[in-house]
Every structure is written in C-alpha cells, then in structure tokens.
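Enquirer: Given these sequences and hints, build the entire structure.
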Amino acid sequence: MTPSQAWTVLKIAKTPDVAAIRRAYAERLKAMDIDRDVDGYARLREARDAALRWARMQAKPEAEEEFDPFAGITPLDEEGPGAEADAHPEAAPEPEASSWLYAAPAASGEADPSLTTRLSGAAPKLDVTTGFSAAQAPAQQAIAVARDPFTRPVLLGLEATSDAVMPAWAHEQALYRLLLTDLPEQDDGQDDLPPLQGWEEAMALGHLKAVLRHAETASVTAFDEIDNWLARILADAWPRSAPLLEPAAAVFGWESERGQVSERPAVAFLNARLRGLRFREKVQDPQHPLHKAWAELTKPAQQGSRKGWFVKRADVVQLLDGVRKNFPELEHHFDPWRVALWDKPEGDDVGTGWFSKGRLWLFGAIILIQILRFAFADRAPDTSAPPPPVTLSAAEIAQDGKIIGDAIAAIFGPEITLEGLKSLQPDLAALFSANRTIARSDGSDEAAYRAKVHDLVRERMYMTALVEKGPLLADVQRLRADLYRAARKAGAAQCMAFIRTRRLDRQVVVPDAVLSAERKLAVRMLDAHQLGPPQRIAPGNAKVPGELVEKVITLTGIPDERVRKAMNGKGSDADQCAVTIALIDATLGWKGKEREGILSVL
Amino acid sequence: MLIGIDLGTTNSAVALWQNSENGGEAVLVPNALGGLLTPSAVSVLPDGNTLVGAAALERMAMKDGATATSFKRLMGTDRKLKLGRKEFSAEELSALVLMSLRDDVTAHTGTCPTEAVITVPAYFNDRQRKATRRAGELAGLTVRRLINEPTAAALAFGLQDKEEREPFLVFDLGGGTFDVSIVEMFEGIVEVRASAGDNRLGGDDFNSAIATAVRGRLDPDGLLGKIDERRTEALLLQAAERTKRALSDAQEAEFALTVDGTRLSTTVTASEFEAQAEGLIKRLRDPVVRALRDSQIDAASLSEVVLVGGATRMPLVRKAITRLFGRFPNSTIHPDHAVALGAAIQGGLIARDGGLEEIRITDVCPFTLGIETAEHSTRGTVQEGLFSPIIERNTPVPVSRSGVYSTMGEKQKQITVRIYQGEAREVSGNVFLGELKVPVPPRPAGEVAIDVRFSYDSSGLLEVDVEVPLTGTKHNLMIIDEEDRKAAKDLDARRKALAALKHHPREEATNQMLLARAERCYEEFLGDVRAVVGDRTSQFVAALDSQDPRRIADAAADLSGLLDMLEAHPPL
Numbered sequence: 001m002t003p004s005q006a007w008t009v010l011k012i013a014k015t016p017d018v019a020a021i022r023r024a025y026a027e028r029l030k031a032m033d034i035d036r037d038v039d040g041y042a043r044l045r046e047a048r049d050a051a052l053r054w055a056r057m058q059a060k061p062e063a064e065e066e067f068d069p070f071a072g073i074t075p076l077d078e079e080g081p082g083a084e085a086d087a088h089p090e091a092a093p094e095p096e097a098s099s100w101l102y103a104a105p106a107a108s109g110e111a112d113p114s115l116t117t118r119l120s121g122a123a124p125k126l127d128v129t130t131g132f133s134a135a136q137a138p139a140q141q142a143i144a145v146a147r148d149p150f151t152r153p154v155l156l157g158l159e160a161t162s163d164a165v166m167p168a169w170a171h172e173q174a175l176y177r178l179l180l181t182d183l184p185e186q187d188d189g190q191d192d193l194p195p196l197q198g199w200e201e202a203m204a205l206g207h208l209k210a211v212l213r214h215a216e217t218a219s220v221t222a223f224d225e226i227d228n229w230l231a232r233i234l235a236d237a238w239p240r241s242a243p244l245l246e247p248a249a250a251v252f253g254w255e256s257e258r259g260q261v262s263e264r265p266a267v268a269f270l271n272a273r274l275r276g277l278r279f280r281e282k283v284q285d286p287q288h289p290l291h292k293a294w295a296e297l298t299k300p301a302q303q304g305s306r307k308g309w310f311v312k313r314a315d316v317v318q319l320l321d322g323v324r325k326n327f328p329e330l331e332h333h334f335d336p337w338r339v340a341l342w343d344k345p346e347g348d349d350v351g352t353g354w355f356s357k358g359r360l361w362l363f364g365a366i367i368l369i370q371i372l373r374f375a376f377a378d379r380a381p382d383t384s385a386p387p388p389p390v391t392l393s394a395a396e397i398a399q400d401g402k403i404i405g406d407a408i409a410a411i412f413g414p415e416i417t418l419e420g421l422k423s424l425q426p427d428l429a430a431l432f433s434a435n436r437t438i439a440r441s442d443g444s445d446e447a448a449y450r451a452k453v454h455d456l457v458r459e460r461m462y463m464t465a466l467v468e469k470g471p472l473l474a475d476v477q478r479l480r481a482d483l484y485r486a487a488r489k490a491g492a493a494q495c496m497a498f499i500r501t502r503r504l505d506r507q508v509v510v511p512d513a514v515l516s517a518e519r520k521l522a523v524r525m526l527d528a529h530q531l532g533p534p535q536r537i538a539p540g541n542a543k544v545p546g547e548l549v550e551k552v553i554t555l556t557g558i559p560d561e562r563v564r565k566a567m568n569g570k571g572s573d574a575d576q577c578a579v580t581i582a583l584i585d586a587t588l589g590w591k592g593k594e595r596e597g598i599l600s601v602l
Numbered sequence: 001m002l003i004g005i006d007l008g009t010t011n012s013a014v015a016l017w018q019n020s021e022n023g024g025e026a027v028l029v030p031n032a033l034g035g036l037l038t039p040s041a042v043s044v045l046p047d048g049n050t051l052v053g054a055a056a057l058e059r060m061a062m063k064d065g066a067t068a069t070s071f072k073r074l075m076g077t078d079r080k081l082k083l084g085r086k087e088f089s090a091e092e093l094s095a096l097v098l099m100s101l102r103d104d105v106t107a108h109t110g111t112c113p114t115e116a117v118i119t120v121p122a123y124f125n126d127r128q129r130k131a132t133r134r135a136g137e138l139a140g141l142t143v144r145r146l147i148n149e150p151t152a153a154a155l156a157f158g159l160q161d162k163e164e165r166e167p168f169l170v171f172d173l174g175g176g177t178f179d180v181s182i183v184e185m186f187e188g189i190v191e192v193r194a195s196a197g198d199n200r201l202g203g204d205d206f207n208s209a210i211a212t213a214v215r216g217r218l219d220p221d222g223l224l225g226k227i228d229e230r231r232t233e234a235l236l237l238q239a240a241e242r243t244k245r246a247l248s249d250a251q252e253a254e255f256a257l258t259v260d261g262t263r264l265s266t267t268v269t270a271s272e273f274e275a276q277a278e279g280l281i282k283r284l285r286d287p288v289v290r291a292l293r294d295s296q297i298d299a300a301s302l303s304e305v306v307l308v309g310g311a312t313r314m315p316l317v318r319k320a321i322t323r324l325f326g327r328f329p330n331s332t333i334h335p336d337h338a339v340a341l342g343a344a345i346q347g348g349l350i351a352r353d354g355g356l357e358e359i360r361i362t363d364v365c366p367f368t369l370g371i372e373t374a375e376h377s378t379r380g381t382v383q384e385g386l387f388s389p390i391i392e393r394n395t396p397v398p399v400s401r402s403g404v405y406s407t408m409g410e411k412q413k414q415i416t417v418r419i420y421q422g423e424a425r426e427v428s429g430n431v432f433l434g435e436l437k438v439p440v441p442p443r444p445a446g447e448v449a450i451d452v453r454f455s456y457d458s459s460g461l462l463e464v465d466v467e468v469p470l471t472g473t474k475h476n477l478m479i480i481d482e483e484d485r486k487a488a489k490d491l492d493a494r495r496k497a498l499a500a501l502k503h504h505p506r507e508e509a510t511n512q513m514l515l516a517r518a519e520r521c522y523e524e525f526l527g528d529v530r531a532v533v534g535d536r537t538s539q540f541v542a543a544l545d546s547q548d549p550r551r552i553a554d555a556a557a558d559l560s561g562l563l564d565m566l567e568a569h570p571p572l
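If you read the sequences in order, they're chains A and B. Using this note's numbering, the first residue of the first sequence is number 1, and each one after it goes up by one. Using this note's numbering, the first residue of the second sequence is number 1, and each one after it goes up by one.
Simulated from the structure, these hints should not be mistaken for lab results. Beta carbons: idealized from backbone N, C-alpha and C, even for Gly. Do not rely on the hints blindly, as some may be mistaken.
As the list claims (entries may be wrong) - Here are a few chain B residues that face chain A, going by a calculated C-beta distance under 8 angstroms:
(1) D198
(2) D286
(3) A299
(4) A300
(5) R323
(6) T368
(7) G385
(8) F387
(9) P398
(10) D457
Stated by the list, open to error - Only pairs whose alpha carbons sit at most 25 angstroms apart, straight line, appear in this in silico BS3-like list of lysine-lysine:
(11) K282(B) to K209(A)
(12) K489(A) to K469(A)
(13) K30(A) to K11(A)
(14) K319(B) to K209(A)
(15) K282(A) to K325(A)
(16) K312(A) to K292(A)
Expert: Here's what the structure looks like:
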C-alpha cells in the first residue's frame with residue numbers, strides 16, 4: 001500500500017505525527033467489526049503500518065538511508081546494554097525498521113560487509129584500552145604466545161583470568177581473525193579453508209568459550225546478536241570452523257531450529273554439517289553396525305582392487321543411501337573407485353532400493369569396461385616361424401638399412417638412427433630389423449613395412465602409458481584421440497579397426513601436426529627407455545560419472561541412450577568412434593578422481 | 001452471566017466484571033473455603049464422591065489418594081487418568097474444576113453463570129484449545145471466547161491506569177506452561193504484536209528438579225522405593241513445592257516429608273537449586289528471542305517486562321529475567337490473579353458492559369498454518385510430506401490468506417488438502433488439523449490449480465475454503481478433527497455422566513478439607529500420634545453425624561488445632 005492510499009484508508013490528512021496516525025487507526029478499528037470485515041481490517045493495518053513507516057522516515061531521513069544492519073552491535077561489554085550505550089553514543093538503529101535480526105548469512109561466499117562492520121566498530125578501541133596489536137602472521141603468533149597477554153591464558157586454559165584481561169569483543173575479534181583472516185599459505189585451486197592447526201584450534205576454542213560464556217550471561221539482544229554473528233562466521237569459515245561447531249550449537253540451541261520453516265540459512269547449513277560430523281564420529285567406532293561398510297568405502301583403492309570380503313552388501317547400500325540422502329558432504333570421504341565397485345547393480349538388486357533412485361538422475365554413472373586390451377602381441381616374429389635364412393647382397397643390405405633408417409626417421413624424426421635406436425632400445429631395433437626381413441621375404445612394399453613398424457611403436461607407447469599412468473597417459477591418450485580423429489576421416493570402420501586392432505589403415509592420412517607431436521613424444525619415451533616390450537595388462541573397468549556422460553552427449557550430439565550403448569561397446573561404429581574420442585577429450589579436460597581410471601581403460 | 005476463568009495447571013481462578021458508577025471493575029470470586037485460588041486438583045473418594053481444590057490436593061499423597069493434578073499438561077491428548085475405579089480424560093477433569101468454579105460464582109452471586117471466557121496458554125495448539133473449549137461445554141458453560149493468558153494479563157495490567165504504553169513484554173511462567181507476548185496499548189487498543197512459548201515448561205519442572213536433586217541423600221535407606229510409586233512422586237513433589245517456596249525468602253530451606261511415621265529431611269541451598277535448574281532457566285530465553293524477532297522489536301525499547309504466573313516469584317527466575325533484559329521486571333500485578341481478571345475484562349467487553357466501550361483487543365495467531373505438499377527434488381525424485389505455510393505465525397487475527405497449488409500426477413482425479421499447524425518444514429513434525437478431499441477434472445500434471453484459502457478468526461477457529469477455478473466448484477471445511485467429531489457426538493452423554501457424579505455439597509467444603517487433612521496426617525504418623533489423630537477424627541465425624549452446628553464447630557476447632565500443631569512441630 002502506498003502512503004497516499006494509506007491516508008485515505010485512515011481518513012486523515014498526511015501527517016508525520018505518530019500519535020495522530022495511531023488515533024486515526026484506533027478510531028477506524030473501533031468503528032468496525034474485525035471478525036466480519038477481515039479484509040477491511042487487513043487494509044486498515046496495512047494503512048497504519050505504511051503511514052507509520054512514512055512518518056518515521058520523515059523524522060530521521062539520514063538514519064533511514066544510511067541504515068547499517070550491524071551498526072551499534074559492536075563490543076558487548078560485561079556491563080550490559082546500558083554501559084554499551086554509553087560507550088557508543090551513536091544510537092542503535094530504529095528497532096522497527098531494523099531487519100538485522102533476519103540478516104542471516106548465506107552459507108558461503110564473500111564476507112558480508114555487515115560482518116566487517118561489527119569488527120571495525122571494535123577496532124578503534126583496541127589500541128587505547130588494551131594495546132591489542134594488529135593481526136600477526138601465524139608463525140610470529142606462535143612465537144609471540146608468551147608475550148601476548150591475551151593468547152597465553154587461553155592456551156593455558158585459564159579462561160577465567162583471560163576474561164579479566166580480555167574483554168568479550170576482543171575474543172570475538174580474535175576468533176574472527178583465526179577463522180577467516182589469518183590463513184596459512186595454501187595451494188592454489190584449493191577452495192576449502194585449511195583446517196585449524198593444533199595451536200590455532202586451542203586458541204580458537206579458548207576464544208569461543210569466552211564468547212559463549214559472555215553470550216550466556218548477556219541480555220537477549222546481545223545473545224541474539226552473537227548467535228547470528230557466530231552462525232555466520234562459522235558457516236563462512238567451514239570446514240575450518242568444524243571443531244567449534246559442537247560447543248556453539250549447544251549454547252545457542254541451533255539444533256532445536258532444525259527443520260523449522262524459519263530456520264536461518266547459516267544455521268541450516270551448520271546443522272547439516274553437525275549431523276555429518278556426528279555420524280562420521282559414530283561410524284568410525286568399530287561397534288557401529290555400518291563401521292565395516294564405512295571402512296570399506298573409505299579405503300583407498302587401486303586398479304584391480306576388489307570389494308572387501310566381509311562387508312555385507314546391504315550395509316554398504318544402507319550407508320551409501322544414508323550418506324547420499326542425509327549427509328551428501330560426507331561422500332567425498334569415500335573412494336570413488338570403491339563406490340563404483342559397489343554401486344554396480346548385482347543381479348536382483350537392479351531396479352530396487354537406492355540404485356533405482358540413482359537411475360533417476362539425469363545421467364547416471366556408466367561403468368566402462370575395457371573391451372579389448374590386446375589385439376595382438378608384438379612378440380618378436382621369431383615366435384611364429386624363424387625367418388628363412390636368406391643371403392643378401394651388399395646392395396640389398398644397404399637398401400634395407402636405408403628403408404629401416406627412413407622408417408625410424410619417419411617415426412622418431414631424423415635425429416634418431418638405427419644405431420641410436422640399438423643403443424637406446426635394442427629389442428625395438430631388433431624388431432625393426434626382423435620385420436624388415438619378413439617384409440622382404442613376403443614381398444611387402446616399403447610403405448606396408450613402415451605402417452607395420454609404426455603400429456608396433458604406437459602400441460608400445462600406448463601400453464607403456466597404460467602402465468606408467470600420470471601425465472604420460474594423458475599425453476598418449478591425447479595423441480590417440482588425434483589418431484582416431486584422423487582415422488575417422490577415412491571412415492568409421494577404419495576408426496573402429498584402429499581402436500580394436502591397433503592397426504591404422506594405410507589409407508588414413510595422419511596430419512603433419514599430429515605426426516610431429518607423435519615424434520616428439522616417441523623420442524621422449526625412447527630417451528626414458530619407455531619403449532620396451534609391452535607388459536600384459538589385466539582388463540579393467542572404470543566408472544564414468546554422469547557429469548562426463550553429459551559432456552560426451554554435448555560434444556557428440558548423440559542421444560543419451562546411444563552414448564550409453566557405445567560406452568558398453570555396442571551400437572554403430574560411427575557412434576563408438578565418436579563417443580570414444582569425445583570421452584577422451586572430456587576426460588582430459590576434467591579433474592575428477594576417476595580421470596586416470598577412465599584414461600587407463602580407453 | 002458471563003464469567004472469566006483462568007484454568008491453570010496448578011491453580012484456577014474465576015472472576016467477573018462488576019459495573020459500578022465509576023466504570024466498573026473485574027473482581028475475583030472466592031471459593032467455598034474463602035480462597036481466591038482453587039487448586040486444579042480432582043480427587044475421587046472411596047465412596048465415589050468427587051472433590052475439587054484444596055481438599056483434593058490434601059489427598060494427593062495418600063495411599064488411596066486417587067487424586068489428579070497438573071492434568072492441563074495432558075489437554076488435547078487421549079490419555080486417561082484412573083482415579084479410584086473411574087477413568088477420566090484431561091478435559092473431563094478440567095470440566096470438574098470449571099464446574100466447581102461455576103458453583104462458587106453461583107453461591108457468591110445467587111445466579112448460575114451460563115457463559116464463560118476461558119484463558120489458554122498463548123502457545124496452546126489447536127487441539128489443546130479445542131479440548132479446553134469442550135471442557136467448558138462439559139461443565140455446562142458456553143465458551144464465548146478462548147483468550148490467551150498473556151493477553152488477558154496484559155489487559156489486566158493495562159487497565160490499571162489506562163495509560164498509553166509503548167510495547168511491553170508479558171512474561172508468563174505458570175505451573176506448566178510458559179508464554180511470552182509483546183503487547184502495545186494506545187488509544188484504547190490493546191494490540192498483541194507477537195507471542196511465543198513453550199507449553200512444556202513451568203513451575204512443576206522446578207519442583208521435579210529439586211526432587212531429583214535431593215532424592216538420593218534424602219532417602220539413603222530406599223524407604224520411598226518400598227511404597228507405591230505414584231505416592232512417592234506425590235510426596236516428593238509436594239515437599240519440593242514447599243522447599244521451592246521457602247527458598248524464595250531464604251538462602252537455604254528444609255526439604256522434608258513424612259512417610260508412614262518416618263520423617264525424612266535434608267537441606268537444599270539456593271545455589272544448589274540454581275545449579276539444578278540451570279537447564280530450565282536456559283529454556284526461558286528461546287521464546288523471548290522468538291517473540292522479539294517476530295515482532296521486530298528490540299529488547300531495549302520495551303517499556304516494561306511484566307511478570308505473570310506463580311513461578312515468576314522464584315528469585316532465580318527473576319534474576320534470569322533481569323539478566324535477559326538488562327533491567328528489573330515489573331511485578332505490580334498479582335501474578336496469580338491477573339489472568340482471571342483479564343478474562344473477566346474480556347467477558348465485560350463481549351457483553352459490552354459500561355466503562356469498557358472503547359477498548360479493543362487485537363491478537364495474533366502464534367502458530368504457522370499451512371497444508372501438506374510434495375515437490376520434485378533436484379534428483380528427480382518426489383519429496384512428499386512438505387509443509388507449505390499459508391498463514392505465518394504471529395499474523396494478526398482475524399486473517400484470511402490463500403495459496404495456489406496444482407496437481408502433480410497425470411490425470412489426477414483428486415487433491416487431498418491436509419491441514420497442519422506448526423513450524424517444521426516437514427509435516428510429520430507438525431500437528432495435523434484435518435483434511436479435505438477435492439475432486440478435480442483429470443488433466444495432465446500441473447494443469448489443474450486449486451486455490452486454498454485459510455480464514456482464522458479471533459477465537460482461533462480455522463476455516464478452509466478450496467476453490468477449483470477450472471470448474472468453479474467450491475469446498476469448505478470448518479476444521480473439526482477426528483477427535484473433535486467423535487467428541488461432539490458423545491458430548492451430551494459425557495456431560496450427563498459428569499453431572500451424575502456425586503459431588504460433595506459445597507457447604508461441607510470446609511469440613512471435607514479438614515477431614516482430608518486429618519486423613520493425610522493419620523497416614524503420615526504412626527503409634528501414639530496416629531492414635532490421637534484417629535481419635536479426634538472419629539469425634540469430628542460423630543459431630544458431623546449429629547448435625548449439631550455447635551458440636552461440629554467445637555470438634556472441628558479441636559481437630560484443626562491438633563493438626564496445626566502436628567504440622568508445625570512434627571514429632572520425630
């Protein structure tokens with residue numbers, strides 16, 4: 001309702017006189033039967049409230065404009081509100097216009113200016129009253145413990161004396177600094193605040209105790225302010241604030257607010273964390289019925305790890321289900337590999353319980369199983385039939401030497417010779433020679449020989465990368481994606497043939513850029529003696545999270561169902577080829593925990 | 001005649017509005033024993049007669065005491081209490097108390113009242129309010145209005161001087177419930193801005209705290225474990241009540257009780273009591289903070305903190321209040337009388353009595369009211385049982401608000417509107433009030449909308465209207481829950497059953513009280529003392545039988561003198 005309508009409803013002329021507005025309201029109210037005219041009553045109230053608001057604005061326009069939600073909330077002295085008012089001549093904001101009581105913080109995000117207001121209000125008093133010095137770097141602070149008159153009693157646990165030395169607001173400030181401003185150096189890209197270190201935790205708890213004790217003996221107003229302020233900073237500083245949560249929640253009864261319509265967002269955030277913390281603590285006790293399941297899922301897994309033997313499937317399901325439903329933030333404690341192992345439907349479990357729910361996600365995780373680890377073995381050809389003893393002329397030997405040399409140059413670049421290859425990787429050099437002999441004997445041309453040995457080198461690069469993992473695996477997979485792409489240009493069948501048999505069709509034209517990148521990588525691996533005979537690798541599998549599946553769908557433009565099929569080795573060659581390339585691309589550009597697992601099975 | 005009744009957990013009181021030349025005033029009506037407060041206690045004697053008030057309370061700790069107290073805490077529940085051979089619900093016991101109060105007014109004024117204003121804790125929920133209303137009807141009173149206790153107290157407080165008042169806070173800690181209301185008075189308007197409370201916190205809890213603290217050291221031989229559990233509890237709680245009162249004036253007090261001739265006693269210090277009650281004191285803060293938040297009023301700008309309820313007499317409660325508000329509370333109104341007086345004033349207002357013309361009260365609905373909904377979660381599942389508020393708590397009443405909801409299923413044929421009251425986001429944490437089944441035309445999900453309108457009147461009655469705009473059909477529901485429907489059906493039968501109970505004649509109340517006291521003392525002592533009590537009691541009963549007033553008066557004086565002496569100086 002606008003003020004102008006309000007005056008009409010109240011039947012008075014526009015006035016800043018609060019008493020006149022109330023009188024008019026009372027007259028109108030007495031003239032009506034509110035039970036019979038509910039809407040009229042509502043209108044009258046609205047008119048009264050609008051008029052009063054307008055009148056107050058006239059009374060003090062500046063106060064209204066520069067309204068600061070936390071003004072006057074600063075230091076809460078032991079003397080109570082009276083003393084506080086003396087210390088802060090600037091009056092508290094007009095209570096009815098005040099909205100700070102609802103100014104609950106967002107669960108995370110940038111510090112709110114209101115927060116700094118509370119602290120900066122206290123700041124000018126620091127030096128005068130106590131000589132409390134500005135923030136120090138953690139290292140210095142650790143050393144300064146003995147000198148610092150405030151931290152010492154806290155560290156010794158003598159909170160009673162610390163009160164005498166340190167007023168409540170100083171504890172608040174110290175706590176704020178510990179949690180949110182004096183942060184130790186941390187790795188880039190780490191979003192979470194680092195946990196409190198031993199001495200930091202002890203100090204933070206000491207300050208918190210003092211703040212809580214003050215709150216408990218303070219007036220309702222101060223109590224409510226501290227309640228809101230603390231909820232906000234603990235939420236902002238999560239997970240750094242974890243050790244402080246229990247004691248604070250106990251004093252302010254945050255848990256009694258849980259599930260209420262009016263639950264403040266910061267409190268809701270903290271309540272969820274609190275329950276998570278408690279559950280984690282409980283489940284770590286070996287007596288807990290789900291302890292084994294917890295231990296199983298949190299144990300770091302390696303490729304080839306199996307499900308724990310003595311773990312009941314029902315327990316794991318219950319744990320996963322419960323964690324996902326109630327404490328989603330706890331899932332990061334689990335090893336994704338293990339979760340994937342258990343997440344797989346097992347026979348009758350399909351379509352029941354949590355799994356069916358999981359399937360309702362837009363794109364569920366897909367288990368990617370390596371279809372074909374080995375198409376062939378690059379054993380030395382002597383495993384089949386020994387090469388027929390052929391006597392070669394000098395010219396033929398020279399010609400073969402040139403062909404081998406050219407092939408090596410094509411694969412590794414001109415700086416690598418057969419001699420060089422012999423010294424760096426003698427078995428590979430032998431493979432080149434042997435294949436040349438075979439090629440000569442069965443009359444294959446030079447290009448066929450070169451393609452054959454190139455395939456062998458590519459195979460070795462690939463197999464080594466699968467074993468070595470790490471950055472090498474990423475580099476090799478990036479290269480392979482380029483090769484698949486090149487193969488696709490010749491046709492989907494050629495692409496799939498290369499994927500399945502590791503044989504690149506001779507019609508495939510590999511772009512020069514790819515070839516030169518390949519050469520560099522090959523030389524690097526050669527120098528590191530990484531092109532030895534391939535080891536046999538057991539087939540593995542990996543979970544492709546929904547997030548990646550979604551990316552693949554976007555990249556390929558292929559519908560969900562076909563992508564799923566392709567990942568399971570079904571569907572058309574074109575689909576499988578496109579999905580494989582997209583999956584490599586997507587995985588390379590992703591930082592999830594399963595990244596390496598996926599790259600190792602592609 | 002319209003009377004005002006404070007139906008309390010521990011004590012009840014009745015008042016009426018009396019017109020006079022200078023405007024009129026509310027006055028309390030004394031009971032048969034001359035007291036202004038009637039203990040909310042009901043006892044059934046072995047002969048089947050019922051006793052209400054002080055005499056019933058005397059019987060509480062007796063072997064076959066068959067006495068019920070604090071039954072207000074069970075209002076709105078199905079629990080039955082067994083007294084002697086009969087079972088009673090909390091509302092029936094309340095009805096007996098109301099009948100006794102009604103009879104006091106009849107005796108005092110010569111007219112039998114037919115209508116009443118009854119007070120309820122502000123934080124009483126809809127079920128508890130309904131039960132209270134039924135109790136009034138069982139007692140043969142038409143309940144014109146239920147008003148909130150702190151609102152009644154505010155009326156009594158505000159009308160002392162009829163001055164303008166900036167918002168003040170009524171802190172009402174009774175025997176079993178705790179309420180906080182923020183009230184403003186101007187131009188003859190009494191406006192409740194917000195109410196909050198804890199309907200499971202009161203003076204009784206402080207008694208329990210004392211009893212728990214002393215039990216071990218009071219009774220090292222486990223004597224109390226050998227007698228009936230109910231009796232043990234009654235003995236302990238009565239002793240705790242005495243100790244609590246004594247601690248209001250002293251730094252330490254004796255906690256003593258006599259069981260089958262053995263006197264058990266120990267000492268409780270004020271600081272021990274304080275430590276024991278710390279948890280209860282902490283619970284006082286929450287409703288205060290909530291009421292202040294909801295009304296957006298700063299504690300510092302409150303003009304007064306007005307104390308109501310007997311439990312606010314405790315020094316430790318006053319100390320806590322002083323700390324909470326940073327000032328001393330106002331205790332100018334009688335903590336036990338204010339609520340009944342306020343109810344009588346409200347009665348006067350309803351009857352439009354002279355001197356009260358220009359007063360209007362506006363109250364709030366202290367609970368959130370809404371309906372059950374379901375929604376699609378981010379995971380694609382459907383989450384059911386969610387609470388969608390329509391009327392937010394502390395909205396001024398009467399009020400009418402509506403919300404629009406739509407179907408969720410394909411070709412859904414019916415929408416069930418389930419109505420709840422409470423503050424939890426999930427309906428399972430709230431109080432179910434009733435439901436309405438609304439047929440809708442089968443259409444694709446989300447295409448059929450309904451308009452749900454809640455109308456809440458100043459007596460706390462909720463009406464729900466559902467409209468289907470697509471078809472133009474309208475459905476209406478006065479909230480009558482299952483219990484209410486069942487109760488309404490047999491209300492008459494129950495009223496008759498209660499009326500058929502034999503009540504001790506009012507004029508014998510004093511003698512009944514004396515007899516109950518004598519019986520209690522007889523049980524407490526053994527040996528010679530018991531013999532003397534028994535002897536004097538027989539003489540008194542013989543005097544009663546003789547119907548000779550002089551003889552009765554002498555015997556009564558004799559007996560009560562003996563009892564006074566025994567209670568003041570118990571023989572060890």
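Enquirer: Of the hints given before, which are not true for this structure?
Expert: 1, 7, 12
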